[in-house]
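Heads up: the protein sequence lines correspond to chains A and B, in order.
Mapped onto the working numbering, the consecutive letters of the first sequence carry residue numbers 853 to 1477.
Mapped onto the working numbering, the consecutive letters of the second sequence carry residue numbers 269 to 522.
Hints may be right or wrong, so weigh each one.
To be verified - Derived CB-CB ranges, DEER-like:
1) G1056(A) to G320(B): 39 to 47 Å
2) E359(B) to G1007(A): 20 to 28 Å
3) E474(B) to G1056(A): 34 to 42 Å
In case anyone wonders, no lab produced these hints; they're calculated from the structure.
Positions of the beta carbon are idealized from the N, C-alpha and C atoms, including for glycine.
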Amino acid sequence: MGLLRAWVILLTLVAALAAAFAVLAPQMLTRDLDREIDARLERTHHAASLLLRVNARKWIDTSAQVASDAVLVESLNEATRGPSDLAMVHKTVQDRLRYFNERMKVDLVAATDARGRVIARVGLDAAAYKDSIEGYPLVADALRGQRGDDTWPIGGRLYRVAASPVILRDHYVGAVVIGQEATTELAESMKAVLGADVALMLRGRVIASTGNLPILDKLPVASAAHAAELARGARSAPLSIDGWAVILGAFVGEAADHQALFALCTPRQAVGSLPALAASVLRADPASLPWRSLVPIAAAMLLCLVIGSILVSAVAGRPLDKLVHHVQALARGELQRLPEAEHRGRAGVLARALNSTIERIAGRARAEARASAPTAPPLVDPARPAPRLTTPPGSPASIQVTPLPPPAPPPAAFAATVMSPAVPLPALPGNLEPIASVEAAMPTSEFEDRQTRARDWPGAAASIPSSAQRGLFTQSLTPLPPPIVPPQGEMTGSIMAPAVDATAPNEVEPEGESPSSQRRTARAIPTARGFEEQTSVESPSEALLLAAAHGTDEEIEADYRRVFEEFIATRQKCGEALEGVTLDKFIEKLRQNRAQLIQRYGCASVRFQVYVKDGRTALKATPVS
Amino acid sequence: MSLPRAPGALLALLAILLGGRAADAGVVRGQLAIPSDRGDPPSEGLWRIDNGILPVAPKAIDPRSECLIVLVPRAARASKEAGKEETVTVELRGLRLQTSVIAVPLGATLEIKNEDRVPHTLYTAAPDETVLPMRPTPAGAARTERMQRPGTFLLLDDELPHVRGWLVVSEGGVAVRLDERGAFRAEVPDGRYGLRLFYRGAFVIERDVDVGSRPVELQLTLPPRTPAKREPVPEPVRPAAPAAASAPHDGGTR
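With these hints in hand, go ahead and build the complete structure from the sequences.
Printed below as a string of structure tokens:
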């Protein structure tokens, strides 16, 4: 049972661990997944920075290509020198810029002279010229001879621009600026390369994005909250906005002061909770699930089932089956009580409790049967063992005849059991030997024969029960209480009288003659009381006593002498002392016992036998009908 | 001594006398040396590439625009009302302030002319937004503001981030501009002055000079540029409505 309990506890712990794992695993999985998404987004940001850098370099090369055009060089040189017709130069330059822009398809193209004065524009503000843009650092650097790129916020729009100096032999004659507005086209191109949604922002406002991101209205707030972080590192840490992972990156250049940002967004895969995980599994195609990964789990479950079944069978099932088997045998009458020794643990406790219950019910039934016994009981209860009086070894021989209580008719329910000859008799307390019931041990013919012989005794004809009385006797025997099963004992085929266990004949003394005999009597009585409750011996009739009393004295005397001689011989044989053993006392004791037994059991005579018990000489008195 | 010589002698005497009076105003002059490695911080952008054909011209500092020397008398003699009637004019042209360091006496009026074809919205950065509130100046227009608080203030343009300047409002003293070579000269009354060189948001040189009958010759060297990273521009405080920003002393835009 302890093993089964340990197994149950182990299974409970395993189940609890599994449940805890089932609860925690999705969260851990979500956390790991978020980390992975964040790391991937950071790599995406790095890739985006590289992409913008490469793209800027491409625009620089394009501007350099435009700046190397000979027509532009000559025109800007003329504009720089001044005296030429600026309108004509403007037209020439603008035509040339349009020519290039047909291939570049950019939003802003401008050419300046060496002082930064715009000679011509194409695209944005195409009609304006002669104004100076040398204040732009990009233009100033281009006029110094550097190629570069920048981001310009113009009129609430973001332009990525590149500039190159225009060189005429040994001096700079101007600069060419080309620019492209950052629109949805840029965002889509970035998404195509990066694999993440892109939103472009300027001054806290989303100016372009891929698709219709649900978090567009949250991005300006996030950018404002991380403005300091963006100013320091030109990027933010990965953010979580409404189930999206977002990383903000700042555009490099002048527009950075106007919070020109690009936001890389990717949705977080919400594993979340166990129900969400289960729902996602249920939504998945069953064929696509990794069933093979469940093989170890199934094997573990099968192993647990096998071990559990074995344990349940060994610890609980098998003892229970055995107990059920014995209880069924008890119900069928094959057993009188459950074999407690064969049951252990709780089954043993149950068996003992059942046995106690059986005995208590039997005792109660017997008590009720005695209380309702008929007024004219039978002469002898054949189902009751006859008491045998013994003298404890080593003590002076005494013969005690314990009076038997009147028989009580048992409940009818016990009749079958009582009448069954196969029913073993219960153990008798003390050294009283068992005796079989009359009816169980003796056939009817023999019983009638003995009845006849009893009637043949002189003066006994009127006292011997007739066949009608016998029928009454039989009826009175029928409702006997359940038998008492002796563990061992001597079974006789005839009526057994109490045996006298005279282990020490020299100490045999008449009852009541010495204190020791009184003590023995007092000690023997409780032993006989148990027997009283189990034995139904009625007082013999006066006729039977009269018949017994008219025996031949000589024959009896001779029999007593023979028994005495046999007793002395046996004691000598056993090496026992013979002091105090006299014939007169011996015969007197036998007479008294004979009379008591005849009176008690209504037998015709009493036969005394000498035997050896446990190496000591004993005497047994057997009533003879 | 002939008569014709008398007027000459009188003139000479007069000149001596006058010269003695002029000696009460001392001269402070000097030269600012700009180290070759003391240029602007590298321009922002992903790329800056040499053209490969011609050498790139150095990004020189224009002392005329970016440097300012201020002589502040140690003994306060100027009052707050000294520059009350004075007007200092700066131009926005070429998408930049022609003078990035603007010296304005306390109480004087600052006039900003927009010579560009695009509007400018200059303002003083936080926490000094009230010195020059954010207000647009359309192309070709001008705005005036009266300087009522001494100090140095960063000027920003809400339209073009690269447009930056510094407003130096001095309480008394003399502001001296440098020429293209870094030379400067100032005539101030005799006395002890504190000379301070303002460059890109800070007084990088400070020393005391005693101005007397003899001119004071100074040789200044611009200290090396600190590799400080450019601080982020604070978000400007925008007015709720353009009309609400009008002040009694500003002239508004023209």
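- Message: Tell me the numbers of any earlier hints that the structure contravenes, in ascending order.
- Response: none
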